[in-house]
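Protein sequence lines, in the order shown, are assigned to chains W and A. Everything in the first sequence is counted per the numbering used here, starting at 2 for the first residue and increasing by one. Everything in the second sequence is counted per the numbering used here, starting at 2 for the first residue and increasing by one.
Treat each hint with caution, since some may be false.
[Said to hold, decoys possible] A few chain A residues that don't get close to chain W, going by computed Cβ distances all over 12 angstroms: (1) Gly16; (2) Thr82; (3) Val113.
[What the hints assert, rightly or not] Under the rule of at most 27 angstroms between Cα atoms (straight-line distance), these lysine-lysine pairs were calculated in the DSSO-like manner: (4) A/Lys21 to W/Lys34; (5) W/Lys89 to A/Lys77; (6) W/Lys3 to A/Lys20; (7) W/Lys3 to W/Lys67.
Because the hints were derived from the structure by calculation, they are not lab data. Where is the CB? At the ideal position from N, CA and C, for every residue including glycine.
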Amino acid sequence: MKLGILVNEGPYTHQASDTAYLFTKAAIEKGHKIQRVFFYHDGVYNSSRLTEPPQDDRHIVNRWAKLAKDHHIDLVVCVAAALRRGIKDENLQEGFRISGLGQLVESGIQADRLVVFGD
Amino acid sequence: MTEATGGIEMDENTGGKIKKFLYVNRKAPYGTIYALESLEVVLISAAFDQDVSLAFLDDGVYQIMKGQHTKAIDVKNFSPTYRALEGYDIEKLYVEKESMEARGLKEEDFIVPVKVLSTAEMADLMQSQDVVLSF
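Here chain A stands alone, though its shape is the one from the complex (with noise of 0.2 angstroms):
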């Protein structure tokens, strides 16, 4: 068992497989656990090789939006870790147009290079995915 691959031996099980995963995600980064523990697993996803790619919608595009402080709530603050994701060669980030227009935010409002897409490219973008995670 190995920690970075979360406890599998790569090669015998998942066969050289490329896969295209997309992690979505619609909650804001500290009212609840869903934020910080979907990026715990896009982390280790990197260590997969496989195809990654994470959406941000709803009040998820707060998650990755800049000037974070969570003192005051006694929170750790991981929107760091966002920035690291280029690192891992975790470079595909879309954010939904209506979710960040409706919240009055712009693109240059976050703390990494995304992508805007409409609904309607969402919708596509998800369609063309193998595996789509939802947090």
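Only chain W is shown next, with the shape it has when bound in the complex (with noise of 0.2 angstroms):
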């Protein structure tokens, strides 16, 4: 099946990141095609280079980011709730794009199933 995946909040605060982090890691495992990862609403945190966790946490952003180049997903960042938390390229992580909301509405089209992790 072809999933796109929605995340709507940010990294630690919420278990949003990780529980969809996890489903789409073993979405994959169980042969699933990812379509698209989008960051929306405080989602887009999860994008921030400038993370940095405690050493014996996980690093919720470069898991992604390795997620992606492991297995060419490709992790867009709604520039709109970018540039209002202050997201921009220079401080992106490798591995993400920031491009326009079209970009969830084309994955609610494309995709078989659209699942949305939010609070």
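Put the two chains together into one complex; each comes in its own frame, and the hints tell you how they fit.
Here you go:
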């Protein structure tokens, strides 16, 4: 199945990003195709290159980036939501790209299921 | 990249497919940003010629209440935008009856024409959709 993923919450405060990541990873392992992961609302913070969690904790940003690199997944950060929150190309982690909300609507159209992770 | 379609070339990526999109709004308009950013997606999706509906549940019913004044909290009052949806051919707006009544609201308290649905009817509406985005 072709899946679109929407992440609506930032890292660490809410479980949404963790659940989305684990779901995405499990879906890939089951042989599903991830059409795109779209980050919206505070979800855009999942892409900040400046994130530095304590060493004994999971690194949510790098974890997404690695998953994207290993499986060629399109990680898209909403431009409007990002600019509002100070996320720009200059502090965007590798593996993410900034684009418009049309990418989210397109996910809804192209994917067999759009799975939403939020509060 | 075009502004109206939020960064994608429409024809090559949507293949003329039309799906039923339902945007579920559950939160009050100004305590969090969900309502405003939901509305931003709704406006973009209008450019894709999709079959769009909006549902208002829980505190989400406050989003379309008449007489919003936000000057004192220094936040932009975006409620007039709901009235502009008609111009984008987005005319299917639904309010859950139980949420509305629990908050002492009536159909005439809303700034846009809505259809009031019971919880069971709302469930049927959700069931009939291709894509449900809950904010």
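Outcome of the hint check:
Residue placement check: A/Gly16 does not keep its beta carbon more than 12 angstroms from all beta carbons of chain W (closest about 8 angstroms). The Cβ of A/Thr82 lies farther than 12 angstroms from every Cβ of chain W, with a closest approach of about 14 angstroms, so its non-interface assignment holds. The beta carbon of A/Val113 is kept farther than 12 angstroms from every beta carbon of chain W, the shortest such distance being approximately 22 angstroms. Pair hint A/Lys21 plus W/Lys34 holds up; C-alpha atoms about 22 angstroms apart against a cutoff of 27 angstroms.
Of the pairs offered as hints, the one joining W/Lys89 and A/Lys77 holds, with about 24 angstroms between alpha carbons and a cut-off of 27 angstroms not exceeded. Only pairs whose Cα atoms come within 27 angstroms are accepted, and W/Lys3 paired with A/Lys20 is accepted, the gap being roughly 16 angstroms. Of the supplied pair hints, the one linking W/Lys3 and W/Lys67 holds, its CA atoms being roughly 20 angstroms apart against a limit of 27 angstroms.
Of the numbered hints given earlier, the model fails hint 1 alone.
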